[in-house]
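A.B. asks: The residues making up each chain are set out below.
Number of protein chains: 2
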Amino acid sequence: MTKGEETRQRIVELAAPLFNQRGYAGCSVADIMEATGLEKGGIYRYFDSKEELAAEAFKFSVAKIRKLRTDDLDNIPGAVEKLRYVMDRFVSEPSPLKGGCPLMNTAIDADDGNAALRDLVQQAFADWRRRITTIVRQGIRDGEISKSCDPMELADTLIASLEGALMLTRLDGNKRALKHVRHSMDLLLSAYTG
Amino acid sequence: MTKGEETRQRIVELAAPLFNQRGYAGCSVADIMEATGLEKGGIYRYFDSKEELAAEAFKFSVAKIRKLRTDDLDNIPGAVEKLRYVMDRFVSEPSPLKGGCPLMNTAIDADDGNAALRDLVQQAFADWRRRITTIVRQGIRDGEISKSCDPMELADTLIASLEGALMLTRLDGNKRALKHVRHSMDLLLSAYTG
Ligand SMILES: [Mg+2]
Ligand SMILES: [Mg+2]
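Heads up: the sequence lines are chains H and S, in that order.
For reference, each letter of the first sequence is one residue, going 1 to 194 in my numbering.
For reference, each letter of the second sequence is one residue, going 1 to 194 in my numbering.
Read the hints as simulated data drawn from the structure, not as lab findings.
Do not rely on the hints blindly, as some may be mistaken.
[To be verified] Over the 10 Å line for every Cβ pair with chain H, so calculated as not near, a few chain S residues: (1) GLU5; (2) GLU6; (3) GLN9; (4) ASP48; (5) PRO94; (6) THR134.
[What the hints assert, rightly or not] Chain H regions said to be covered by chain S (calculated; three or more residues, Cβ under 8 Å): (7) 20-27; (8) 114-126; (9) 130-143; (10) 154-166; (11) 180-189.
Quick reminder that beta carbons are idealized off the backbone N, C-alpha and C, glycines included.
Work the whole structure out from these sequences, hints included.
C.D. replies: Shown next as structure tokens:
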């Protein structure tokens, strides 16, 4: 990495939690100047606009959270164990990034607004759904999961309930909602694996 | 209502969808001036601050959505039918207010920020949880729902999964995720009522 690339990367890494906590409108370029110690010109040297910086910060956040949530997944044997692993990781490490899940936060923030960010969130959820449906399909082929299970229905349910529980957990200041949803999803899974 | 009370109420009603779509930082007093056709002084005559107006707008939104989601609930016989009704209403009328669910939006917006708004969201979710746990407890007493069901666990699961599905539904631009979660929650319920 050149010195310029390093500076650019440092701006992205410092901006990511600010956008994640405050939202796009709530995070100003002045906030990023304060966090990085750079002048406005020092930031706009690397990014054409606040939009571009926010998009890069979101991509950085998604890559970080994706790694944390699915690292080691390939080493887990069996579809049901893989799904349990994904849920357990979500409960044990709900917000590696300050401010909670960047996918949910940016979805809520951008669903009526910023089109570029919305596209990126759609891609991130599509990727997450694809990874779960791939596991479920393998489980159906291997006879671990019932053929009555619709892979996309299960993926939507796991993602929606975990994200919703994270929202409640951050509001409550404790993990009760996440633990409750984790247990309910085990019950649901057992309806397909019983 | 006096003329002044009517004007105040009109400001609240017009501000509510703006805060809901754009978030607290993303909705400026200038936006509210534009929507109401009032000067800044005409707005601040009724509210001490943007904080106060946002709080009133949130309370208005919550009352509206609560009525829509639970109207007629007392006329539905049986706990399981009541729970199904709550879910069906959520799926059929996911966002009566432009911008989606004000509880989830404000939770995400205020969980690291605005303490007054956060308190109001906590109260709104506490109220929703209380209404669901009351139904579940009645169902357990009546023998409709298994004693193995933890009322708060089921309430957290229904709320988290519906809210998470609404987030996906607004991002997707279709109701697939809500319908998927609705079906999964029926399966989960049948594990407690089978
Ligand atoms: Mg939104
Ligand atoms: Mg937040």
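A.B. asks: So which of the earlier hints does this model not fit?
C.D. replies: 9
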